[in-house]
Amino acid sequence: MSSPTSPRSGTEPGRRALFGGLLTLALAPPAEATPEAMAEAIARFTGGATPELSAAITLDIPSLVENGNTVPVTIAVDSPMTEAAHVRAIALFNQRNPQPQVIEARLGPWSGAARISTRARLADSQRLTAVAALSDGRFLLAEAEVVVTLAACLEG
Amino acid sequence: MARTLIRVPATATRGEVIEIRTLIQHPMETGYRPDAAGRLLVRDIITRFTCHFDNRLVFEAMLHSAIAANPYLTFTLRAEASGVLTFAWEGDHDFRHVETRALTVT
Chain A
253 MSSPTSPRSG
263 TEPGRRALFG
273 GLLTLALAPP
283 AEATPEAMAE
293 AIARFTGGAT
303 PELSAAITLD
313 IPSLVENGNT
323 VPVTIAVDSP
333 MTEAAHVRAI
343 ALFNQRNPQP
353 QVIEARLGPW
363 SGAARISTRA
373 RLADSQRLTA
383 VAALSDGRFL
393 LAEAEVVVTL
403 AACLEG
Chain B
1331 MARTLIRVPA
1341 TATRGEVIEI
1351 RTLIQHPMET
1361 GYRPDAAGRL
1371 LVRDIITRFT
1381 CHFDNRLVFE
1391 AMLHSAIAAN
1401 PYLTFTLRAE
1411 ASGVLTFAWE
1421 GDHDFRHVET
1431 RALTVT
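Residue numbers (the working numbering), protein chains in the order written: chain A, 253 to 408; chain B, 1331 to 1436.
These are computed hints drawn from the structure, not numbers from a lab.
All C-beta atoms, glycine included, are put in the ideal place defined by N, C-alpha and C.
Please note that the accuracy of each hint is not assured.
Said to hold, decoys possible - Listing some non-contacts, in silico: residues in chain A with all C-beta distances to chain B over 10 Å:
hint	residue
1	Ala301
2	Ile313
3	Glu318
4	Arg379
5	Leu386
What the hints assert, rightly or not - Computed footprint of chain A on chain B, listed as stretches where at least three residues anywhere in the stretch have a Cβ under 8 Å from a Cβ of chain A:
hint	segment
6	1387-1394
7	1397-1405
Said to hold, decoys possible - If you only want the chain A side, here are some residues facing chain B, beta carbon under 7 Å, derived:
hint	residue
8	Ser315
9	Asn319
10	Thr322
11	Gln347
12	Pro350
13	Glu356
14	Gly364
15	Thr370
Using the sequences plus the hints, can you model the full thing?
Right under this line is the structure:
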């Protein structure tokens, strides 16, 4: 408060916070209201670009899961996987685990196809979002709702 | 030593897209689970998986606590030439495990 510059610098964080807030809103995926942490994680993955909901990306996961400790999930993107047009990366995000990230995979034209499978842990019934990064700078998005009857023991 | 299961086709024709399946024995302790006394168990997960084909990185995945125990991962590769696939898992507490498999392209 004693510094002569403090009134000016004092307004900066406020402006930044407002701008950051607007930016976050603008970056949120086009779907329904998603928890902020997932939206932020997706924005970090896309570098701020808004992913497009697309039929070219499929997120294959059971819609009803008995055991959230091990849920099979496959993400595939319809892509020629050539030097000119390929998938650079695939990531999976969740809304209601303690952390929004599940996996991020990097691939390239040498992959031949854009398809990964793994097994996830889900702490609760929730929506999952898969995002693919394309070589032309676009990002594609697919979503799936999963109902979990026995949650993964993430929080005791 | 962690046990692993790796499935790579023994042979592939040139240009064929092969699927590689990997699994490694690992608890993937999330860091969010309390023990009997209520203290959080320290996180112990694999954070990174890589696959190199003759020293060239062909697949990489960053894993988080939301990956199930004994991480299973499949991915694809276009078989262009015979060579050696090197699989590496790295994680908390200096975990590191490396396996190699030969790929024969006809």
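Hint check results:
For alanine 301 (chain A), the non-interface assignment is confirmed: its Cβ lies about 19 Å from the closest Cβ of chain B, beyond the 10 Å cut-off. Residue placement check: isoleucine 313 (chain A) keeps its beta carbon more than 10 Å from all beta carbons of chain B (closest about 13 Å). Every beta carbon of chain B lies more than 10 Å from that of glutamate 318 (chain A), the smallest distance being close to 14 Å; the non-interface claim holds. Residue-level check passed: arginine 379 (chain A) sits 14 Å from the nearest beta carbon of chain B, beyond 10 Å.
The beta carbon of leucine 386 (chain A) sits about 17 Å from the closest Cβ of chain B, which is more than 10 Å, so the claim that it is off the interface holds. A count of 7 residues in the segment 1387-1394 of chain B with a Cβ less than 8 Å from any Cβ of chain A is obtained; the coverage claim is therefore met, three being the minimum. Only when three residues or more bring their CB closer than 8 Å to a CB of chain A does the claim for the segment 1397-1405 of chain B stand; here the count is 8, and the claim holds. Below 7 Å, beta-carbon pairs count as interface contacts, and serine 315 (chain A) has none with chain B, the closest being about 18 Å; its hint is therefore violated.
The closest approach between the C-beta of asparagine 319 (chain A) and any C-beta of chain B is roughly 10 Å, which is over the 7 Å cut-off, so the hint fails. The criterion of a C-beta within 7 Å of any C-beta in chain B is met by threonine 322 (chain A), whose closest approach is roughly 4 Å, and the hint holds. Interface restraint check: glutamine 347 (chain A) against chain B, minimum CB-CB distance 11 Å, threshold 7 Å, status violated. At a threshold of 7 Å, the smallest CB-CB gap from proline 350 (chain A) to chain B is about 5 Å, leaving the interface hint in force.
Given the 7 Å rule on beta carbons, the hint for glutamate 356 (chain A) holds: about 5 Å separates it from the nearest Cβ of chain B. With 7 Å as the threshold, the beta carbon of glycine 364 (chain A) comes within range of chain B, its nearest partner Cβ sitting at about 3 Å, so the hint holds. A distance limit of 7 Å between C-beta atoms decides the matter here; for threonine 370 (chain A) the minimum to chain B is near 5 Å, and the interface restraint holds.
Hints 8, 9 and 11 from the earlier list are contradicted by this structure; the remaining hints agree with it.
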